[in-house]
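Undergrad: Whenever a hint applies, use it, and build me the whole structure from the sequences.
Protein chains in written order, with my numbering: chain A, 1 to 58; chain B, 1 to 292.
All the pointers check out, no bait thrown in.
Derived lysine to aspartate or glutamate pairs resembling DMTMM-like cross-links, with alpha carbons at most 25 Å apart: (1) B:K15 x A:E51; (2) B:K121 x B:D96; (3) B:K15 x A:E25; (4) B:K15 x A:D19; (5) B:K15 x A:E54.
Residues of chain A placed beyond 12 Å of chain B at every Cβ, according to the derived structure: (6) S5; (7) C8; (8) V10; (9) E14; (10) C29; (11) S34; (12) H42; (13) P43; (14) Q45.
It is worth saying that the hints were derived from the structure and are not from the lab.
Even for Gly, the Cβ is constructed at its ideal location relative to N, Cα and C.
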Amino acid sequence: MTEQSHLCLVCDGELDIPDDVMENELIVCPECGSELEIISLHPFQLELAPEVEEDWGE
Amino acid sequence: MRVALLVTHIRAEEKLLLAAFNNRGVSPDIMLDRELNFDVTAGAEQLAPSGIAWETYDVVFERCISTSRGMYALAVLNSWGLPSYNTYETAAICSDKLRTSIALARHGIPQPHTRLAFTPKSAMTAIEDVEYPAVLKPVTGSWGRLLARVHNRDSAEAILEHRQTLGDYNHHIYYVQEYVDKPGRDIRAFVVGERTIAAIYRASNHWITNTARGGMASNCPVTATLHEICLRAARAVGGGILAIDLLEDAAGNYVVNEINHTMEFRNSSEPTGVNIAQEVVDFVIERIGVTA
Numbered sequence: 001m002t003e004q005s006h007l008c009l010v011c012d013g014e015l016d017i018p019d020d021v022m023e024n025e026l027i028v029c030p031e032c033g034s035e036l037e038i039i040s041l042h043p044f045q046l047e048l049a050p051e052v053e054e055d056w057g058e
Numbered sequence: 001m002r003v004a005l006l007v008t009h010i011r012a013e014e015k016l017l018l019a020a021f022n023n024r025g026v027s028p029d030i031m032l033d034r035e036l037n038f039d040v041t042a043g044a045e046q047l048a049p050s051g052i053a054w055e056t057y058d059v060v061f062e063r064c065i066s067t068s069r070g071m072y073a074l075a076v077l078n079s080w081g082l083p084s085y086n087t088y089e090t091a092a093i094c095s096d097k098l099r100t101s102i103a104l105a106r107h108g109i110p111q112p113h114t115r116l117a118f119t120p121k122s123a124m125t126a127i128e129d130v131e132y133p134a135v136l137k138p139v140t141g142s143w144g145r146l147l148a149r150v151h152n153r154d155s156a157e158a159i160l161e162h163r164q165t166l167g168d169y170n171h172h173i174y175y176v177q178e179y180v181d182k183p184g185r186d187i188r189a190f191v192v193g194e195r196t197i198a199a200i201y202r203a204s205n206h207w208i209t210n211t212a213r214g215g216m217a218s219n220c221p222v223t224a225t226l227h228e229i230c231l232r233a234a235r236a237v238g239g240g241i242l243a244i245d246l247l248e249d250a251a252g253n254y255v256v257n258e259i260n261h262t263m264e265f266r267n268s269s270e271p272t273g274v275n276i277a278q279e280v281v282d283f284v285i286e287r288i289g290v291t292a
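TA: Encoded structure:
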């Protein structure tokens, strides 16, 4: 699996994005731990993931 | 076969489910709960976020991480007659620990001694009725959030005061359980229809054993006894695709702790050797009975 490089919105750290990533998947910055959501693949766009809410979970 | 996969985001589980659907020649349409905008006074002829009418979907597979969004979406979709996994009724029971306890009690299924109270004063009585240590839980919530194990009257008073002062009305519903002195682990069993397809032990030095909180998963053999209580528990909440959390009491008997209707399973296929996503997807396809 190859990876593309993009920068974290919070810390500018380098993110490793797997090639099989999907839109609306969450990734975690390995440097600062921020959770980010991939909102678009073409063009590639990230947003900060929403904060966990009280009713989240299984 | 047209499948709507309703999600908040794509997690590891949804990727596994999508791959399992693809293995059977089905490509679900992913619906984000943030994009839903239902006209509840109209019907299933209205368009889904995919641009296709809801009525053209054979099944809605609800996998929202947001319990409320998933549950209320199912309320609307089921009211239009759309089949779903799970159903609104099952989701509504499982998302509420009190309703789950009532369902288990009505079906005579073993569970921890549980009491309900509405004020700090009556909650204190409830805590002392189940005896220390007691466990306080919000009636909704997951991942072990805001659980409290209460060892004595001092800590009970402090927690009750905090919940009454800082919490919203949901936290003024005092759901109190006896603490089950389990052997450093609990069990999560996966029930799909009438089968218990796999189970894991979740071991932790902490009394909260959720894998989201660091509990370690290992295979738990599905014995006839385990399957029997899991199936009864699943039926009690309406059945479907469920994860049953069980505790082993001091005598080694099972008690059902809670039931999850949008289960996470990313850590469970490897130790059990069961392809949980494929089992789930094959069940949905078989039940809907529409060819790809």
